[in-house]
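Enquirer: Fit chain R to the known structure of chain U by using the hints.
From first to last, the protein sequence lines stand for chains U and R. Numbering-wise, our numbering puts 72 at position 77 of the first sequence, and it's gapless, one number per residue. Numbering-wise, our numbering puts 70 at position 75 of the second sequence, and it's gapless, one number per residue.
Since the hints were made in silico from the structure, they are not lab data. A couple of the hints might just be wrong.
In this list, chains with the same sequence are indistinguishable; a pair is considered to hold if it fits within one copy or across any two.
[Said to hold, decoys possible] Pairs of lysine to any residue, SDA-like flavour, derived with a Cα cap of 20 Å: (1) Lys10 x His25; (2) Lys179 x Tyr116; (3) Lys179 x Glu117; (4) Lys37 x Tyr160; (5) Lys10 x Lys72.
Number of protein chains: 2
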Amino acid sequence: MRLYVGLVHFPVYNKHNETIASAITPMDIHDFARLGKTYGIKGFFVITPLEDQQALASRIMRHWISGYGAQYNHHRKEALGLVSVTPSLDMAVKKVKEREGLTPTLIATDAAKQKDRAISYEAARVFLASGDVVLLLFGTAWGLHEDVLQKADHVLEPILGGSAYNHLSVRTAAAIILDRLVGKSDC
Amino acid sequence: MRLYVGLVHFPVYNKHNETIASAITPMDIHDFARLGKTYGIKGFFVITPLEDQQALASRIMRHWISGYGAQYNHHRKEALGLVSVTPSLDMAVKKVKEREGLTPTLIATDAAKQKDRAISYEAARVFLASGDVVLLLFGTAWGLHEDVLQKADHVLEPILGGSAYNHLSVRTAAAIILDRLVGKSDC
Chain U
-4 MRLYVGLVHF PVYNKHNETI ASAITPMDIH DFARLGKTYG IKGFFVITPL
46 EDQQALASRI MRHWISGYGA QYNHHRKEAL GLVSVTPSLD MAVKKVKERE
96 GLTPTLIATD AAKQKDRAIS YEAARVFLAS GDVVLLLFGT AWGLHEDVLQ
146 KADHVLEPIL GGSAYNHLSV RTAAAIILDR LVGKSDC
Chain R
-4 MRLYVGLVHF PVYNKHNETI ASAITPMDIH DFARLGKTYG IKGFFVITPL
46 EDQQALASRI MRHWISGYGA QYNHHRKEAL GLVSVTPSLD MAVKKVKERE
96 GLTPTLIATD AAKQKDRAIS YEAARVFLAS GDVVLLLFGT AWGLHEDVLQ
146 KADHVLEPIL GGSAYNHLSV RTAAAIILDR LVGKSDC
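Only chain U is shown next, with the shape it has when bound in the complex:
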């Protein structure tokens, strides 16, 4: 399986539907890395153009990969080895292409249903099973900017929990989506 995950901090929306670069949530880096390790993804990109935020992400990684954290908890070290801090989505695509020799299929996620571009979890599993290189994108703050959704080859169906409420954190949404795409449950 050749699955990569990107957590996009720019361009995303704020609650007023304005385009912003969001701040990094350190816990997200840990949660995504641990999820990625559990589900066997090949790399995780923290995408932000802000240099202070890149430095913050790098500092977190240093602590857990070669600093005190590496001795304190080696499971974190193992997971954080998946992380690359990257200034843009284009750069993340370029890195995947260099590594795999193929341009990845971009699959975006969104809490709202995208009329013409929505694909099912089953369809996305077929891409992965057939050996396609996939870069799966998650948006921070109020979600991925329309420019990113337009650039994506597909947008995954939103998560339906059986209620009208769909305001999950990006960490928990990513957990559910990775399990639906890769997990082996008895469902």
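Expert: Only chain R this time, still in chain U's reference frame:
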């Protein structure tokens, strides 16, 4: 569906396998409440005997339910309405019993497979579908104490992601488990 969720802060293990009461992670309260609202659970218990931690949880809830947070983000208000801060598992069971008129079936979660007591996600879905009252328990820190596992009627199968790594955060594990038990995916 009569599903309740409990996040246990005592008794749990630390990394040295000692029994501790863990500190509350404020983000967990938000993430669990938003998950609970998405998947239509009836209540979420933050279980801690420590009074300062109970006060912290109550302060978070006040901010989002009646303080500034309620105006800032009404989706959080809606989700945090599910939360009860409770000093013990026994008290959480008592509250569920008072509300439902039935003692809940206790289903614990654990990252390690429990030989004789493990049940599948499919079996747990059958309990829920048949109208059983279920209290699903998650452990913070290094996981639920053996006393809690012994007290539980069942222990869910661990999450398998297809790799040998199983060190998810409790937030993301809860997301995956709720989706497996309640979510309607196309899998």
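Enquirer: Please go over all the hints and tell whether each is borne out by the structure.
Expert: Structure-based check of each hint:
| no. | hint | verdict |
| --- | --- | --- |
| 1 | Lys10 x His25 | between (25 Å within a copy, 17 Å between copies) |
| 2 | Lys179 x Tyr116 | both (13 Å within a copy, 11 Å between copies) |
| 3 | Lys179 x Glu117 | both (13 Å within a copy, 13 Å between copies) |
| 4 | Lys37 x Tyr160 | between (32 Å within a copy, 14 Å between copies) |
| 5 | Lys10 x Lys72 | between (34 Å within a copy, 16 Å between copies) |
Figure legend: structure checked against the earlier numbered hints; every hint is met.
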